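Once you have looked at the hints, place chain B on chain A.
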Amino acid sequence: MHEIKISRRVFIGATAYIVSAPLLASIFSSKNQIHKIVDNGQFFNAKELTILTDIAEIMIPKTDTPGATDVNVSSVLDGLMVTWAGEKTKQQYRYIISQLDSIAQATYQQTYSHLALSIRQKLIVELDKTAFDKQNTALSKSYRKLKEMIFHVYYTSELTNPDFVLIPGGYRGDITKNELTAIQKRGYL
Amino acid sequence: MNQYNQTKTNDEYDVIVVGSGITGGWAAKEFCEKGYKTLVIERGRHLDHPSSEYNDMKAPWQLDNMGLAPEELTEQGRYSQLRAKKGVLKSDSIQFFVDDKEFPYSHPKERPFMWTRGYQLGGRSITWGRQVLRWGAKDFAANAKDGHGVAWPIGYEDLAPWYDYVESYIGVSANKDGLDVLPDGVFQTPWEMSSAEKHIAKKWAEHYSDRHLIIGRSANLTEPSALQTGLGRGKCQARSYCQRGCTFGAYFSSLSATLPSAKKTGNLTVVTDAIASTVDYDEQTGKASGITVIDAKTKKQRSYKARVVFLCASALASVQIMLNSKSKTFPNGIANSSGAVGHYIMDHFMGVFAKADVLGLEDKYSYGRRPIATYVPNYRHEKTEDVDFIRGYGFQATAGSRPNSGTTAKSVGIGAQAKNAAKQAKPWQFKALMYGETLPYFDNKASLHPTKTDQWGIPQLHIDAKIGENERKMIKQAAADIEEMLKVAGCSNIKISQADLEKHFTLGKRTHEMGGACMGSNPATSVLNKWAQSHDVENLFVTDGACMSSCATQNPSLTYMAITARAADYAAKLMRTGKL
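Chains as they are written, first to last, in the numbering used here: chain A, 392 to 580; chain B, 3 to 582.
Treat the hints with care, since some could be wrong.
What the hints assert, rightly or not - The following label-pair restraints were derived from C-beta to C-beta distances:
(1) A497/A / K299/B: 56 to 66 Å
(2) D212/B / Q575/A: 23 to 33 Å
(3) T521/A / F444/B: 28 to 38 Å
(4) I558/A / V490/B: 37 to 47 Å
Hints in this document: simulated from the structure, not taken from any laboratory.
Owing to the predicted nature of the structure, the values given are computational and were not obtained by experimental measurement.
Yeah, the Cβ is synthetic: ideal placement off N, Cα and C, and Gly gets one too.
Pulled out of the complex, with its shape left as it was, chain A reads as follows (with noise of 0.2 Å):
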């Protein structure tokens, strides 16, 4: 038998796999429109994915494009937490799902998940708002962190790049959006 040994490089690279993966088991609440994580990821826990995946989809909904869940966003970063993130964003995201949730109760008393899609969709879009009006707090720090990240691996993937070409073959630099159309559309110059 062979002895296989994988290298970190090789193990950072199974990034690229999750990205396309099917993952995160859930079960999908009508009730209030969220999905629920089964089972804990590499960093996250299930509760903490399902906040995760519910921002995330608030932040990027599903439009006539994909959404932050089609890209899987929050399994994607739930990877790289393992891979990529150093000890202080780790802290970081982990603090803002937990205030999020701190916010639920406080102001609804119940815990996030529970809250109604349009309660939940008010709340993320008002810490929106006051993250970037203020933004000395530990709160604001880390909510803005949280959702640079989230933007960079939905607007990296595979589906919101559809006209990605990874070789263009030439360039041109003086074309009509026809003759641009035309050549995405025959897929070389």
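Chain B alone, transformed into the frame defined by chain A:
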């Protein structure tokens, strides 16, 4: 798998080349092709070409950590200089850069210097900028004209045939622009300018006689020659992932071109993980006898002997080796009777960044990722009445593709509305970065730290360099110039950022560090003669950036390569006639 011959104990070579980067590769190729047994010593690890370390065939979502460098590096204080170089420290290419915590160097606390290194076979030729610009006659004449630094012992005419020779081999895509300040050469098809760049170039041509926007001159193949395809190199695919390594060999590097050429001759031997510690000097013969290395892994010392030694380790690394090579004759470092080794350290300085919208071209788009920017050659060689500085500056600029509106990742806004507004096409935007010529100041120097050593016991290099009043005056004028030029081009939303002239300006950021063993005619004031050959030790040549007597404003690698090929040709003639 190591693709090159391995060294044997007590082997003797005709030539030892220290360094396998852009000049080391050239020295190796030239000597091997002329029939000389050549040993290349590289301090970094072996790297194949193409390499499994290249990440050029990965989409953004396939990169380690979605392209981000692990945060633990920051927490551990690693790669601090590279992190300061915004946008460079990424997971797609971090393996080709050196961690300054693991490989420290020194600088005054209040005057940081940025020394970017790449310890692998091929050195920094894997990650270089590929902008290949000839120097003009005025650049070589500058020191003699204004009295700064040491006058160049060569002029443009001396180097012109060697520029031809190098360009023919490496492949340069460029336009023949007919400018004295930036002589034309042997070019392949140029990259196209974008509609915005064409617009600006046209406006400037209408308004100015001395300021030109031209397409960059790039060492990316657009019409590969038979020689280039014979080396397995292919046409550039406009991915602009050059810094990740190129599986197609479309941009020139030692790995894709010169080392394979050298290998074909059967005369090349490469040793990696071998840190050149000293150039060994024979008091009897008055010549360099070879190189002593420290094995990077075992830390054991060993020596190699040769008739001729070429230092091509990169400007500062070669200076470090020279200063560390002490003997009875040269107590302050080999070939240093002048005391000039380590002095006249230079780099290009930026100081001004400008951006502006180019309106009216909203129906125009681009396709592909062009691997080179546009360029504004130095138009300030001659001191005019309206300015109070000498030398000059140019700009590296680009509007290669339409920008988009970005996202609200770092600003207020979430939900469907923010998402729908994200990444929408914006008007063309033109960006320009000043490239100024730093004068060759004797006091800008690299020396061996008196107490600090690296993990192999080699004294750390202490680099102390700063810009002077001349450079500060240039920054002020460059800011005014580019603002005027953007207005002339009819640009909107012009934004000019100028460096704080009261603060230290960190040199080394352009990775164009030069000087330290300058060429000159007088052995009392310079280290090397017109062949980049030591005045003191006739079989020692230094042909990397250390040999430069001034830095002009052009990216220097093409000139390093031309100087190396010329020096190798000269050294080979001396060897053939028994003079070396």
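Against the structure, the hints come out as follows:
A hinted range of 56 to 66 Å holds for the C-beta pair A497/A and K299/B, which are about 59 Å apart. Between D212/B and Q575/A the beta carbons are some 41 Å apart, a value that contradicts the proposed interval 23 to 33 Å. The supplied range of 28 to 38 Å is broken by T521/A and F444/B, whose beta-carbon atoms lie about 57 Å from each other. As the Cβ distance of I558/A to V490/B is approximately 38 Å, the hint placing it in 37 to 47 Å holds.
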